Amino acid sequence: MTGMSDISRRRFLGTAAGAAGLALATACGEVSPQSAAPSASKGGKLTLTMFAFLGGDLGKMPKEFAKEYMASHKNVEIKIYEQSNSVGYTKMLAQKKAAPDRPLVNFGFFNAQTSVQGADDKMFTELDYSAMSNAADIDERFRYDHGIGIGIGIDQLGLLYNKQEITQAPGSWADLWNHAHQGKVALFSFPWYAVYMAAKLNGGGLDNMEPGWELWKREAKQIRLLVESNPQYLNVLSNGTAPLTAYFAGTGQQWINSGAPLTYVVPKEGAIPLPVNLQAVAGQPQSQLEAVHDIINEMLSPKWCARWAETSVEVPANTKAELPGNLAGLPAFSKATSDGFQQIDYGIVGRNNAEWQKRWETDVASRI
Amino acid sequence: MRRHRTALLLAAPSVVLLVGVFAGAMLTLLEYSFHQYLPDGTDIAHTAVTWQTFLTGGYHWQIVGETVVLGLITTVAAAVVGYPTAYALHRVRQPRWRYVGLFIIFAPLLTSVVSRTYGWELILGDSGVLNSLLEPAGLGPVELLYERSSVVIALVHILLPFMVFPIIQSLGQLDPAFGEAAGDLGAGAFLRFVKVTLPLTMPGLIGGAQLVFALSISSFATPSLLGGGRVNVLATEIYDNVNNVDWPLAAVSSYALLALAVVALGVFGWLQRRTGRAEQGGVTAAGAASTGARGWSGWLVAVYAYVLLPLVIIVINSFSSVSYGTWPPPGFSAKWYANLFEQEGLGAATLLSLEVAIAATVLAMVIGTAVAVALVRHRMPGRGPLQSFVLSPTVVPKVAFGFAGFIYLHRLGLFGGVAGLVVTHTVIVLPFVVIVVTAALMRADATLDAAAKDLGAAPLRAFRLATLPQIRPALIAAALFAFVVSFDEVDMTVFLLSPDQNTLPVWMFIYMQKFQDPTLAALSTLLIVAALAIAATVAVLLARSGVFSSLTPSPEEPVEKVKEGTSA
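As they're listed, the protein sequences go chains E and P.
Quick note on numbering: my numbering labels position 66 of the first sequence as 66, and the sequence is numbered without any gaps.
Quick note on numbering: my numbering labels position 23 of the second sequence as 1023, and the sequence is numbered without any gaps.
The following block holds chain E by itself, in its conformation from the complex (with noise of 0.2 Å):
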């Protein structure tokens, strides 16, 4: 070996120790992030990345609203992040944890409990609703005091079953545990609605809700499956492995029109509001700020409204939105069914979520 490969050798390794360390700093300390969202101005436009839900066609309205928005206003440009509100507000959180001012989304469409828990997190910032026309026809249970978010629609939960399956239609939340369904009911991984209901049905609340995790402890063998995706949930309720569960009216309404086998029904007690709220992210800067309340505004008009309302297969949160005819005749739409939902203190679900998902898993999905 030669005297000069011996140096090179070294310094490879020097080198790439030194690679190596340098790396392996970054991971103890900051080191300035580079831009995560595309939010900053590109081709003299003011670009910003709206956050829209998956599933269904819940992708729609946003996207033909961001190409009207875009053709009316040329100095905009709108980006579509879909992505589950579970994954992409881990990413948000992540984001904000490593840059701050620099948020991987400017504003975007989150469901309620991701609504609480951002409040928590300081994820969003406030609505300024007197600047935005719109605001004062949303429904007054989806403007909030706080000014954090804004309603733009209500999907409910109620219980979707298997028709051919289930010939003797269920019509209360008790039907989750009465004994006729045993080994048939299928539930999301963790569904604290249902724990809520049999805490609510049995002398307690979102308060006190023991006597729903007593009921469900002893009735785990109830559920035949704890369900993990859209496509699983469709799949063992259509083909009868589990025919009856608590699920999304919309949802539940798109798998009916598509012929699967299925029915919604609104339960005696109440079906269960789920708002979908519009929200501005924190940290982004005035100028972006300004836009995504206009475009907030825009969004929340009853033409755009309805059409959400259509794709969604959701109430409408604009009192002057008109119900699209074809949801105008489902029980899911009736007024009826609006004037019964449960009344859920979002505020309070959002901040036990982690302890009764954890209890959950201990007390219930250890038994099933």
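Possibly wrong hints are sitting among the right ones.
As the list claims (entries may be wrong) - In silico EDC-like cross-links for lysine to aspartate or glutamate, where the CA-CA straight-line distance does not exceed 20 Å:
1. LYS122(E) x ASP1043(P)
2. LYS96(E) x ASP1043(P)
3. LYS1335(P) x ASP57(E)
4. LYS60(E) x ASP1500(P)
5. LYS97(E) x ASP1043(P)
6. LYS79(E) x GLU64(E)
7. LYS122(E) x ASP1040(P)
To be verified - Among chain P residues calculated to face chain E with C-beta under 8 Å, some are:
8. GLY1041
9. TYR1059
10. TRP1097
11. LEU1145
12. ASN1243
13. GLY1345
14. VAL1494
15. ASP1500
16. ILE1510
FYI, nobody ran anything at the bench for these hints, they're computed from the structure.
If you're wondering where the values come from, they're calculated on a predicted model, not measured in any experiment.
For every residue, glycine included, the Cβ atom is placed at its ideal position computed from N, Cα and C.
Model the placement of chain P on the given structure of chain E, informed by the hints.
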């Protein structure tokens, strides 16, 4: 230290990559494990409360126990199915049927986990294919789906290639002289197998077991989708905690899994080093001749049926007339294929997947082969810890590495680009390359390399001419594994993509969340067809170049000719 300079040089690129990317991300995770998140969003740093909660909670130990049990059952089942399958394939006389068999075993890796799971649901369901066969015979219905049994069946299905390929590689390198000598001394077929074949192929079996165990304890999608909530393992626990924004607990669970895996890999590594000592001392590097698969045909047909059935179900279901999965389909239609080609972003996602998978495979092959040589051919100090370190990415759940990597890539300034994806994918495919190549090198005849050096060849030339031909089939298998693992990766990648990026599996994952129709079955069918075409082309090219001859030489080819080809 100077004595071990070459070994250190060979190991350095892998170590740099793993320290720079994997250890960096895992340190980020470690930092989070010493946090505590309160329900009101308060984040308390520098506390060991989360560790205490994990270590003192009986529920978490139950999950650790279930993880170990699932890993052990899957590994044993894969060995029980895999060894005879490898043995039977090795004995097949006609090379083309052997290649077809190998391709069939490999076929499940060509479909996405989403599609495979869907196929198993249709087979094992209450009204599925299996019960439709058992019920008329009075043997059913049986409830297999959404139990541990269905998870094991599906895991063995997908992990079988990881067991079969290292074993068949060892069988291919088996020196027939030993078996002949034992026969001359009066040993029967069974005794020859127990005393000669099994011990000499043990490195392959242990290498396969190592891969299967590591992959099964860190698998997420299969227990999650087929366990029905009954199979709670560390990977599903981590995923739940990440989604529940309890990152500290997810971080602690990740370290529990890592500790479990390091212990297991240490045991496997120790076993492999012990069994790998039976070197063949320069007798010959020629593979054993195939002796025919008579009596094994029934076994191979049964294994092929097991491997191919879910894929056949996927293909049939891609022509279903309805959007939901039911068996048999109520009608047939090609509308899902038409729908597939109307989707936005499919082409860009496919290109990005190919770009990342090819780059990660090339990088992993170069640095992985180098570190494997350092581990096998050089008695350097700290080989055990180095091997465990190199293999450790296999056992960290991809979802945990993904979310740790997301934060870490930001700190490196690599988030949102292709480079970040390539280095993280290289980290996760590197162990596959190292395990397969290490097993091959252990059975490769080192004396040929030494002889070449004695005759004046430089180390690199000696390796290229004496060792490389012996391990070429293993390199091909390793590259295929690496490519497929990278191309199919979704759990980690979903965290590493910026909002305007998509890889093909993530595109499929996102499509699956939006629609519940057989469009993905149509895409899987097309991917299978494309893979068949590519594999056939590659197989023809490789067969013409004589690469397969050292894997399983045909009895029609004289051993002397093989020797010439491999020891030039």
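Taking the hints in turn, this is what the structure says about them:
no. : hint                   : in the structure
1   : LYS122(E) x ASP1043(P) : holds, 12 Å
2   : LYS96(E) x ASP1043(P)  : holds, 13 Å
3   : LYS1335(P) x ASP57(E)  : holds, 18 Å
4   : LYS60(E) x ASP1500(P)  : holds, 17 Å
5   : LYS97(E) x ASP1043(P)  : holds, 11 Å
6   : LYS79(E) x GLU64(E)    : holds, 12 Å
7   : LYS122(E) x ASP1040(P) : holds, 11 Å
8   : GLY1041                : holds, 3 Å
9   : TYR1059                : holds, 5 Å
10  : TRP1097                : violated, 37 Å
11  : LEU1145                : holds, 7 Å
12  : ASN1243                : holds, 4 Å
13  : GLY1345                : violated, 10 Å
14  : VAL1494                : holds, 6 Å
15  : ASP1500                : holds, 6 Å
16  : ILE1510                : holds, 6 Å
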